[in-house]
Amino acid sequence: MSDKRYRLADFNQLPGVACPCGTAYRAFADVPEFPGTIHRTEIHTAARPHFHRKLTETYYILEAEPDAFLELDGDVIPVHPGLCVVIPPGVVHRAVGRMVILNIVVPKFDPSDEILVDEPEDRPSK
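Each step along the sequence shown adds one to the number in numbering that gives the first Met the number 0, with nothing skipped, and position 58 is 57.
Keep in mind the hints are simulated off the structure, nothing from the lab.
This one's a predicted model, so the numbers in the text were calculated from it and none came from an experiment.
Careful, some of the hints might be misleading.
Quick list of the computed label-pair ranges, beta carbon to beta carbon [as the list claims (entries may be wrong)]:
id, residue 1, residue 2, range
1, ARG4, HIS79, 30 to 38 Å
2, ASP2, GLU70, 29 to 37 Å
3, GLY15, TYR59, 26 to 34 Å
Below 16 Å or equal to it, Euclidean Cα-Cα: the simulated EDC-like pairs (lysine to aspartate or glutamate) are [said to hold, decoys possible]:
id, residue 1, residue 2
4, LYS53, ASP2
5, LYS53, ASP112
6, LYS3, ASP29
7, LYS3, GLU32
8, LYS107, ASP29
Yeah, the Cβ is synthetic: ideal placement off N, Cα and C, and Gly gets one too.
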């Protein structure tokens, strides 16, 4: 264990993990002083609609093809580098098109809190 009080993450050295959005590179899950996790996610196609019961996600768009967009509770939001969006628990969302995002997740990411939505009845009540 290091005696350094700070933590570093080199996203180029992290293993990719398949997720409903594409491939995620996740950092800081093992850092008790940090209340969340940070992910660089590469989206290459349409993600599956999903929501979280407890997690709040903040997407910061790093790269995006001109036709890329987010769907948030049925609204279509065109994206571009520099756009940032907060996605609270219960918001059904998905990314469509090629983009790379920085995703800040609070509390720490828990894959069991990722609820896929295949049918309208699967959607959370508002």
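The hints, checked one at a time:
1. Checked against the hint of 30 to 38 Å, the pair ARG4 and HIS79 passes, with Cβ atoms roughly 37 Å apart.
2. ASP2 and GLU70 have their C-beta atoms about 46 Å apart, which leaves the hinted 29 to 37 Å range violated.
3. About 19 Å separates the C-beta atoms of GLY15 and TYR59, a value inconsistent with the hinted range of 26 to 34 Å.
4. Between LYS53 and ASP2 the alpha-carbon distance is near 33 Å, which puts this suggested pair outside the 16 Å criterion.
5. Of the supplied pair hints, the one linking LYS53 and ASP112 holds, its CA atoms being roughly 7 Å apart against a limit of 16 Å.
6. For the proposed pair LYS3 and ASP29, the alpha carbon gap of about 15 Å is at most 16 Å, so the pair holds.
7. For the hint linking LYS3 to GLU32, the alpha-carbon distance of about 13 Å falls within 16 Å, and the restraint holds.
8. Between the alpha carbons of LYS107 and ASP29 the distance comes to roughly 9 Å, so the proposed pair stays at or under 16 Å and holds.
Hints 2, 3, 4, counting from the list given before, are not met by this structure.
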